[in-house]
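S.K.: Produce the complete structure using the sequences and hints provided.
Just so you know, the sequences run in chain order A and B.
Note that my numbering numbers the first sequence so that position 82 is 84, with each residue one more than the last.
Note that my numbering numbers the second sequence so that position 35 is 77, with each residue one more than the last.
You can take every hint at face value.
One side of the interface only, derived from the structure: several residues of chain A facing chain B at Cβ under 7 angstroms: (1) V49; (2) T54; (3) V83; (4) G86; (5) K94; (6) T97; (7) N101; (8) K103.
Hints in this document: simulated from the structure, not taken from any laboratory.
By construction, the Cβ of each residue, glycine as well, lies at the ideal position given by its N, Cα and C atoms.
Single-letter residue listing:
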Amino acid sequence: MKRIPILLSVIVLMFGILAGCSSSTSERSNEADSNSETIDLTWYYPVNVGGTITEVIDKYAKDFNHGGIKVNGKNVTVTPVYSGNYDETMTKVQTAIKNGKSPDLSVQLSVDLFQIKNSIIPLDDFIKNDYEAQEMVGDFFPGFMKNAQTDGKTWSIPFQRSTVILYYNKDMFKEAGLDPETPPTTWEEVIEYGKKLTKKGQWGIELPATISGYWIYQALYLQNSDSNMMSDDGKEVYLNTDEAKEALQYWVDLNNKHKIMPEGVLDWSTVPTDFIEGKTAMMLTTTGNLTNVKNNANFDFGVAFLPGNKRVATPTGGGNFYIFKDTSEERQQAAFEFIKWITEPTRAAEWSMNTGYIATRQSSYETEALKEYVGAFPQAKVAMEQIEFANKEISVYEQGKIQKIIHDALQAAINGADVNETLDKAQAEAEATLKAYQ
Amino acid sequence: MNRLISISTYILALLWALPFLGIVFMAFKDSSEQGYSLTFRNFIDAWNAAPFGQYYLNTIIIVIAILSVQLITITLAAYAFARMNFIAKGFTFMLILIQIMIPSDVLIYPNSNTIAQLGIYDTKLATTIPYFISAFGIFLLRQTFKGIPYELEEAAKMEGCSRLQIIRNVYIPLAKPTYLAFGLISVSTQWSNFLWPLIITDSDENRPLTVGLSMFAKASDSGAQWGIVCAGTLFIIFPLLLAFLLFQKQFVSSFMQSGIK
Chain A
3 MKRIPILLSV
13 IVLMFGILAG
23 CSSSTSERSN
33 EADSNSETID
43 LTWYYPVNVG
53 GTITEVIDKY
63 AKDFNHGGIK
73 VNGKNVTVTP
83 VYSGNYDETM
93 TKVQTAIKNG
103 KSPDLSVQLS
113 VDLFQIKNSI
123 IPLDDFIKND
133 YEAQEMVGDF
143 FPGFMKNAQT
153 DGKTWSIPFQ
163 RSTVILYYNK
173 DMFKEAGLDP
183 ETPPTTWEEV
193 IEYGKKLTKK
203 GQWGIELPAT
213 ISGYWIYQAL
223 YLQNSDSNMM
233 SDDGKEVYLN
243 TDEAKEALQY
253 WVDLNNKHKI
263 MPEGVLDWST
273 VPTDFIEGKT
283 AMMLTTTGNL
293 TNVKNNANFD
303 FGVAFLPGNK
313 RVATPTGGGN
323 FYIFKDTSEE
333 RQQAAFEFIK
343 WITEPTRAAE
353 WSMNTGYIAT
363 RQSSYETEAL
373 KEYVGAFPQA
383 KVAMEQIEFA
393 NKEISVYEQG
403 KIQKIIHDAL
413 QAAINGADVN
423 ETLDKAQAEA
433 EATLKAYQ
Chain B
43 MNRLISISTY
53 ILALLWALPF
63 LGIVFMAFKD
73 SSEQGYSLTF
83 RNFIDAWNAA
93 PFGQYYLNTI
103 IIVIAILSVQ
113 LITITLAAYA
123 FARMNFIAKG
133 FTFMLILIQI
143 MIPSDVLIYP
153 NSNTIAQLGI
163 YDTKLATTIP
173 YFISAFGIFL
183 LRQTFKGIPY
193 ELEEAAKMEG
203 CSRLQIIRNV
213 YIPLAKPTYL
223 AFGLISVSTQ
233 WSNFLWPLII
243 TDSDENRPLT
253 VGLSMFAKAS
263 DSGAQWGIVC
273 AGTLFIIFPL
283 LLAFLLFQKQ
293 FVSSFMQSGI
303 K
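M.R.: Written out as structure tokens, the structure is:
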């Protein structure tokens, strides 16, 4: 029987060590602050553009915490918490809310709105009584506010926003006898240029069809149609219109008929790598990639508006700030103060230069730093100018499922399925999914 | 014939090693240069992207804590299922077997709910506690215990051993290869566990290596930065790799004996 005490003591010791390691950090909770002197906000943020971005975020937090911003006489501080990519952030946020551990604010996709609408607060009350906030909202590019508003209310504030743009390799353009300063502006020109650019070991263009592939498809959809692919209230989608079918057919034909794009489904994250390594002369992807391409491409490259068809168009994309419901009013106010602070024009400009995302404030482009940056690197301006032609990104109830339906259809068509049938099927599936919300 | 076998072994070994060699190749490649030039920049960039020193320590603590508790719980449970008689034994064992089939991601919400009720959100205990009992380990060890001749237990009883002494002196020594095999599986699973720690912890003091790696491995908007991802992967798997190389013989023989492939 001698062994029992040893066993027990090992177990006790184990728990002891674990508890000891953790006790210091578990204090940071939502309830404890009503009497204390500081309000410490928890901010969940995803990383979508590479590791060093956490350094920038940490620096923001440090600056803010020393900034002495007060709400009700209490100092406001913020603790940024890395929460994976956008999907994982959603899981983390939802888990935390269900368990009563709601963060104060988060950055999530602007299109996640309908999925978390029950857990967040509209921001109109904060904006209404605050001159600075009104100025802020008025200063955002109007295109970026489209996904933030529904039911006549504003639910989120733009932070890291993007559009789809065309990247092209100027050296390859020269080699193929094309003018490197005039990228293609229409679908026909894409095909025409693509044919000249395609040769052994080099493709004309690449369009990714995974991860955010639905978004690239939405760009084609918008260029081919006067209306968007979903209703504003997020309850209906229109996937099998004639325009939708033509857009998908165009995508499929880039490989099948015109042979200017590699065969099969192209992966979201390897398309930029292909571009940097010179395997494709053009690509469509997010502006979020700009800094990556700039740092790693050892050739002269250009970016341009998306080639249009019936019109020039792109969806917006990227992440917004949300403030959660399950915290005190004081904390919500503090969170709003933080959002105001971090979206100030100079910081929005800095964030844009660090990431390649578009600076969300119009006046950011009048700051010295960004002016200088754009002067030396005019590519940074293209995405901003394109916002004029930006439309709402698809944002619906059951966002994840609808995205999957679109991806499945897209990938099936690329792999040889009939475009008509595929989209009819997708529409039927989407209608069944959204039935509960009609 | 022998020659053919040994040649095909080498070919297979090379095929298995290819992905790893690819990682090593990319990790040292300078992506901004044409052709291949050696660089350590990827490692420096990757290491600086997150507090990896802290994460290393956390991962080691988490892995060791889980394995230690698991070894105790699975030994006792496996013995009970192998040698003791109690009501609903078969049914209980079935329940445990079913648990092997449930993917742990499905349990994130119910588990996190328990963690919240225990008041240990964002602690190392929260990261480890759901894994304290391993259904797979119980199953594996029970099979091994069943294969040990009952006469040995009887002999030990005759000598006046208590139950725990029997387990300690008869079963555990004879099941060593199984323990080693299970230990390897447990450590490598926990070493690469990602989603649960990400969701249940907020602070750097409690987060493991995988969370750090995901910062650049999953950054889909900036394209695949193979160099940094591979460098990060390499220094994260390095301790496991080293351990495997050092104890290779024991591992292989333990897998042979315990019948896991």
